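Combine the two chains into a complex, taking the hints into account.
Read top to bottom, the protein sequences are chains A and B. In this text, residue positions in the first sequence follow the numbering used here: the first is 1, and each later residue adds one. In this text, residue positions in the second sequence follow the numbering used here: the first is 247, and each later residue adds one.
Because the hints were derived from the structure by calculation, they are not lab data. Here the structure is a predicted model, which is why all the values come from computation and not from measurement.
Derived contacts from chain A toward chain B, CB cut-off under 8 Å, selection only: (1) 5; (2) 8; (3) 20; (4) 80; (5) 82; (6) 85; (7) 89; (8) 90; (9) 91.
For every residue, glycine included, the Cβ atom is placed at its ideal position computed from N, Cα and C.
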Amino acid sequence: MNLQRIMALVKMELKKLIREPAYLFLMLLFPAVLTLAFGIAFGDPALGMDFSVLTPGLISYACIFIIMTVAMSFTEQREQGLLKRINVTPMTSGEFIGSHMISNMFIAILQVVIVLVMALFFGFRPLSDVVGFILAFLIIALFSLCSVGLGLITATIAKSAGAATGISFIFILPQMFFGTFIPITDTTRIIAMFLPSYYVVDALASIFGGAPLTSENLLIDFGVISIVSVAIIIIGIQLFKKYGNK
Amino acid sequence: MSSKSNIKDKPQKPEDIFDPNNNSAIIIKDLVKQFEDVTAVNGLNLEIKKGELFGLLGPNGAGKTTTINVLCGLLKPTKGTAIVGGYDVRKNLKKVKELIGVCPQEPAVFKFLNARENIELFGNLHAMPKKKIKERTDKLLELLDLTEASKRKTKGYSGGMRRKLNMIIALISDPEIAFLDEPTVGMDPRVRRSTWEFIGSLKNQNKTVILTTHYIEEAEALSDRVGIIDYGELIALGSPKELMEKYESKNLEEVFMKITGRRIVEGI
Ligand SMILES: Nc1ncnc2c1ncn2[C@@H]1O[C@H](COP(=O)(O)OP(=O)(O)O)[C@@H](O)[C@H]1O
Ligand SMILES: [Mg+2]
Numbered sequence: 001m002n003l004q005r006i007m008a009l010v011k012m013e014l015k016k017l018i019r020e021p022a023y024l025f026l027m028l029l030f031p032a033v034l035t036l037a038f039g040i041a042f043g044d045p046a047l048g049m050d051f052s053v054l055t056p057g058l059i060s061y062a063c064i065f066i067i068m069t070v071a072m073s074f075t076e077q078r079e080q081g082l083l084k085r086i087n088v089t090p091m092t093s094g095e096f097i098g099s100h101m102i103s104n105m106f107i108a109i110l111q112v113v114i115v116l117v118m119a120l121f122f123g124f125r126p127l128s129d130v131v132g133f134i135l136a137f138l139i140i141a142l143f144s145l146c147s148v149g150l151g152l153i154t155a156t157i158a159k160s161a162g163a164a165t166g167i168s169f170i171f172i173l174p175q176m177f178f179g180t181f182i183p184i185t186d187t188t189r190i191i192a193m194f195l196p197s198y199y200v201v202d203a204l205a206s207i208f209g210g211a212p213l214t215s216e217n218l219l220i221d222f223g224v225i226s227i228v229s230v231a232i233i234i235i236g237i238q239l240f241k242k243y244g245n246k
Numbered sequence: 247m248s249s250k251s252n253i254k255d256k257p258q259k260p261e262d263i264f265d266p267n268n269n270s271a272i273i274i275k276d277l278v279k280q281f282e283d284v285t286a287v288n289g290l291n292l293e294i295k296k297g298e299l300f301g302l303l304g305p306n307g308a309g310k311t312t313t314i315n316v317l318c319g320l321l322k323p324t325k326g327t328a329i330v331g332g333y334d335v336r337k338n339l340k341k342v343k344e345l346i347g348v349c350p351q352e353p354a355v356f357k358f359l360n361a362r363e364n365i366e367l368f369g370n371l372h373a374m375p376k377k378k379i380k381e382r383t384d385k386l387l388e389l390l391d392l393t394e395a396s397k398r399k400t401k402g403y404s405g406g407m408r409r410k411l412n413m414i415i416a417l418i419s420d421p422e423i424a425f426l427d428e429p430t431v432g433m434d435p436r437v438r439r440s441t442w443e444f445i446g447s448l449k450n451q452n453k454t455v456i457l458t459t460h461y462i463e464e465a466e467a468l469s470d471r472v473g474i475i476d477y478g479e480l481i482a483l484g485s486p487k488e489l490m491e492k493y494e495s496k497n498l499e500e501v502f503m504k505i506t507g508r509r510i511v512e513g514i
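Isolated chain B, as found in the complex (with noise of 0.2 Å):
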């Protein structure tokens, strides 16, 4: 899937990610999104392919979230070009609505409804067909090990829970593209396996995932490839082992050091 000429230090030009053959999930082309002070996105330019699950790994406040923001149509771009599964952003939110699934970064359900309720409404807002939304909440729920507290209302749940549900309502439709933000942060460790293993299994369905994230282990254990970024701009991309013998490290933390002289995770 991805060659050694897929690693480059600097922006890639857009003539080197047009893909004629139409085999990319997500085509971002000199991106940039600017708020009044900040320029959270720099010049992103990416291509993610179909069935490829894509870690988006860089410290707080790099511009991940920005760039998911954009790529599911919440954010306007102050410049460049996005489009996802095959449709612009801009000219065709409408389409790329029906492609996507968005596990937002903080947790967000509706509080006097229980899970089941939530996940069934989200299934609703995308039209599916009644008997699909129960068979998949019911499979959901079980693969999340969430069954039991379903008929509780969400007030209650623990953090881990309510990100659980977050990550099951971005799912609920099936969708061909997820985004999911930073789905494991706070749950503890054992549930957060758990979560990775899940994230995973998407793969075998041949669904495009971009999975930001400031985990490392979480980056190199389900990327296929990573792109790492750091003030709004790509800084290294390619599969986690083709990142770690480039830059002669032993993880990725070594590689991003290598290349800003700073740590993901601060404080530690």
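Pulled out of the complex, with its shape left as it was, chain A reads as follows (with noise of 0.2 Å):
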């Protein structure tokens, strides 16, 4: 592992988020954008969304897109001849991987500061500690892991970056619709469960909600999202290194 080739790539991709247009509207527009409107349409507590359960939400619909502009990135630069590119450079596949994992947790974090911020001027008061707060950033960088592994896959399946786009829908739908804020019923539920978004809802749900932070709901959370995202990523690692990186 070697920082710097590492650190170069981030870079790189963070300038990318501020220059690309598409980018900037997806990462940091849209959850902005997203938050003013809810706060507007639905600010008022009397038609029973206020924000402590929006936010979470929110949060974990933002992380959901890094699926979409992670399958775009990958496609591009594969278009553009540029994973060969860095392909022929001492780079090794892991360390490519790992500066995408950062890069994404790190605009992940971004999200949630920005929805957060947002959501606390619409009158969102959390009742967390500090170690709770710790613990949702952990939770949301862990699964822009699961999105980014998401992205892998889908940048694999995808021939051109204009299909990525349509195909990260696969992803993206079912988590926005089961598992962000769209009230949960019996029947959803059910397909919620085998989604992870559901469990990060959850699990933000309870923290902000000010539930202690070892209650077994919030740990069962905790330990599907690890291993989910974890599991996932490894999925798309492998995928993406055998067929899509061509």
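Quick look at the structure:
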């Protein structure tokens, strides 16, 4: 592992985030605008959807879109010959994937900060302490790995950057509808139980709701998120290495 | 460096090219690369000496790019061996990657970065010291007349500018062995000449350069030796002068013509 190589790619990815409108919109403006829209539309607790319910959903919603940007980024770089170009330098594939994990964790944490700050503005008052917040960030960092993994799987299937955008919705839509801020019924809960976003939202809701951090429920959430995220990123890396890096 | 005996019409046998003194930058033995229905490289045998500027000349589709891609590890050989800088590309690719610089046929640069950022990124990927990256970036930008444009994002670059940057990125790490795959295609004649001068200057630094081209003048002007390939096979090998003498031709185009009955660049 060479830190210079990893940080050089992280820096490149973050420059892309700021300079490429598509990435800037999907990663930073979209969560901000969404929070704003919900703030204006549902800000009134009388509607029964106040920010203590919305915030965990908005946070994981933003993180789910990392699937799309990762898929776009890899297919674009493949189309433009940049993956090959990186491949003839001494950079190892571990360093390469590592740099993408780091940059997307960073982006996910940035998204949490954006949503949280705006939600605070709209009257959201989380009941968690500092340790709770650290745990929330940790959960989102883990969840971003899951999104990176699904993004890699999408980039493996997709032939072009355009196709990647469409195909990524296979992974985005179910997590959006059944796992985030759309209220879950007993029927949809069964579907949701298979989606990592459900556990992220559940965990964040418990943390922000002031539940003890050692509660069994939270431990289960954390366990599921860790296992699923690690499994998916490993599958994504293996698939992409084998079939996607051509 | 190269004697008359190096001129061969037929593919050489491996024992002809085995190099006990380790003077070779590259040794290719019986190399075959097959895609589903195409044999892109068909039993290639070739040795390239350290410090040599070697021109790989042949028509479009001859197998030049495929050969380069095998040598830099992007493609696995179907059969045969490729040794780069003393390391087998199948067994020791990591070592090979530390020695080489590759200028791909299609320019590959990050659009949202400017030229300097692109170059420095790849300097970092080679884990070069920051100071050396900066020095070499300045020098190469100056040599290829790209300093002024280097602060602009490459999105707005002309084809020629993008090609120059493509080559600088390949050379940032000051590689022992450089693969330049048709580096001057699409450059205007003036820029092409200055790029030739630059490529020629690499020879004075005792670097090994493998230059693929389908421009006859380019191969003639720059190469110590040329290998002419056609349908994945080496059909002639020697210095441009030797080849022209042997085939009683006034240029390499005629040499190719006499061997194959075709022209290198069609439609002229
Ligand atoms: N990835 C590939 N899949 C299938 N055929 C290929 C591939 N790459 C190259 N070829 C074929 O191999 C032959 C040699 O191509 P190439 O090495 O690019 O030639 P050159 O660089 O000399 O123009 C051509 O017939 C080309 O169509
Ligand atoms: Mg080619």
